[in-house]
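For chain D, the structure is supplied; the task is to place chain F on it using the hints.
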Amino acid sequence: MGEILDFLTNTVGGLWNDSGLNALFSSGGWKNLIMILISFVFMYLAIAKGFEPLLLLPISFGMLLTNLPMAEMYHPELWVLVDGHVDYGTVLREGGLLDILYLGVKLQLYPPLIFLGIGCMTDFSPLIANPKSFLLGAAAQGGIFFTFIVAGLLGFTAAEAGSIAIIGGADGPTAIYVSTRLLTGDGAITTGNIALAAYTYMALVPIIQPPIMRFMTSKKERSVKMEQLRTVSKTERIIFPIAVTIIVSLLVPSAAPLVGMLMFGNLLKESGVAARLIDTAQNALMNIITIFLGISVGATTTANQIFSLKFLGVMFLGVCAFSLGTASGLVLGKIMYRVTGGKVNPLIGSAGVSAVPMAARISQKVGAETDPTNFLLMHAMGPNVAGVIGSAVAAGVLLSVIGG
Amino acid sequence: MYSAFILFDKVLKGTEKMNGTQIVSMTVIGLLVVFSALLLLVLFLACSGSIFRKVQPGKKQPAPQKKAPAPAKPQQKPAPKAAPAAPAAKAAASAEDDSEVVAVIMAAIAAMSAADGKQYAVRSVRQVTRGGSGRSIWAQAGLSDLTRPF
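Keeping their order, the protein sequence lines are chains D and F. Anchor point for the first sequence: position 316 equals 316 in this note's numbering, and the numbering is continuous, going up by one each time. Anchor point for the second sequence: position 109 equals 1109 in this note's numbering, and the numbering is continuous, going up by one each time.
The hints are simulated quantities; they were obtained by calculation from the structure and are not laboratory data. Since the model is a prediction, treat every value here as computed from it, not as a measurement. No residue lacks a Cβ here, since even glycine has one placed at the ideal position from N, Cα and C. There could be a bad hint or two in this list.
Unchecked claim - So the derived label-pair ranges between C-beta atoms look like this: (1) Ile-1051/F x Arg-276/D: 46 to 54 Å; (2) Leu-312/D x Arg-1053/F: 36 to 44 Å; (3) Leu-37/D x Asp-1116/F: 41 to 49 Å; (4) Ile-242/D x Ser-1050/F: 17 to 25 Å.
To be verified - Pairs of lysine-lysine, BS3-like flavour, derived with a Cα cap of 30 Å: (5) Lys-132/D x Lys-1054/F; (6) Lys-1013/F x Lys-310/D; (7) Lys-234/D x Lys-343/D.
Chain D with its partners taken away, still in its complex shape (with noise of 0.2 Å):
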């Protein structure tokens, strides 16, 4: 009988060790606890708010799981340098489900494909109608190397303050791919917090950028009524991904992989002999990797590794990228209008953070806030549409400049 009773309390108390609950109470588990409570106001603003629904409810549901103690889904340790790199066997024998899948973050196969997907759904014919856009994109950049310098100064490291400065280039992909290709994992500072900053400030674009557009330009500029784009023919756009990818990829050729598929994708859609590639890239490839790359982005965040004052830099300085990087598209804006002597409307500026179309939405409401008869929306896409391929240059130009 003692024996029964012994084997009892045995099984129940060994149960109770392995058990989460034991963990999330015994030391450090708090830690977990406020991470969890962190991913459900996440989740809140994905569900209750529309922030980012498709990618911020994947990366707050993988930052719940990755902080559920002995769930054994996601390993940081994995993924620390050895002699300075993953050690990618052990990854495979011992990774959880989230740590397989965090390859395909890791090893940047995830935001080249979903720029695939962005290149088919992308029309750049506003682009190449207006080829000036191309510097109103490249203009909003200054919010990356503007807050790289903030970022520097305010003592994080090279490959932080280039992981942190690339949110300013208001693209969730590409903010992934430069962050995970410079942090090392066993700093304070993981992709997640990056990729989590990056898309709750997309999704605050609409209240982030109209206030600094009131405040920069003046009543007169905002009523600037553009002349009407050309029509690109189909030979046009179709030249223009090829021509892209050679020019870019020649001069900075670690921004190739996201140009290259970004102009693939674009060369599938122009060419209208692709029709089923297309249908798959943009909508089932595209979903597939977004699921995988929220998720498994969402378990970095861990809670020894978020919780530092870091984090809350990190939140701090992406909104400082997003209004530098307004700020600069509408000084060039302002340039260019005085230029042309009153053509441009320095509002389309803003639109070159490239957050599509998003940023140029904002462009053609605010313009239409001071004349409603202003439609300045075709006119936005093309910062816009250049804001990404401006800011994949730029994230080309951190990664070679900054090493490991």
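Chain F only, in chain D's frame:
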């Protein structure tokens, strides 16, 4: 161009903090490269664009934005156009000018009056001022219809 890049290949060590010179030079280089890359694309597009416009001079079509809303207008907008026409009974002048247009408007009104059981008559047709936008009222309506979701 390519070799220039090799020169500052991975010059910043990721795990170290940077000094002021490094930060500033990184920013300057970054902005310069981004601008020059996109400037090259601008030049390319400007050249190819001018070539294409020369090659296809006859193909100058009205912009697609204007074309797009056109098919949608008959179903959407007969009511506002017909309504102001009816009460404008005072100025009975140039109605004969454009009898075809009047016939079309009458047809629209007839369809309306069949619906609500009242009778309407057209007494005058006047030009609508374009409000300085340079677009016809239909283009304006179509455009705001298309951009409203944004």
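Now for the hints, and whether the structure bears them out:
Remark: the range hint 46 to 54 Å for Ile-1051/F to Arg-276/D is contradicted by a beta-carbon distance near 33 Å. At about 53 Å, the CB distance of Leu-312/D to Arg-1053/F disagrees with the hint of 36 to 44 Å. A hinted range of 41 to 49 Å is violated for the C-beta pair Leu-37/D and Asp-1116/F, which are about 59 Å apart. Between Ile-242/D and Ser-1050/F, the C-beta spacing of about 19 Å keeps the proposed range 17 to 25 Å intact.
The straight-line distance between the Cα atoms of Lys-132/D and Lys-1054/F is roughly 20 Å, inside the 30 Å bound, and the hint therefore holds. As the CA atoms of Lys-1013/F and Lys-310/D are separated by approximately 19 Å, the hinted pair is consistent with the 30 Å bound. For the hint linking Lys-234/D to Lys-343/D, the alpha-carbon distance of about 27 Å falls within 30 Å, and the restraint holds.
In summary, the structure is inconsistent with hints 1, 2 and 3 from the numbered list given earlier, while agreeing with the others.
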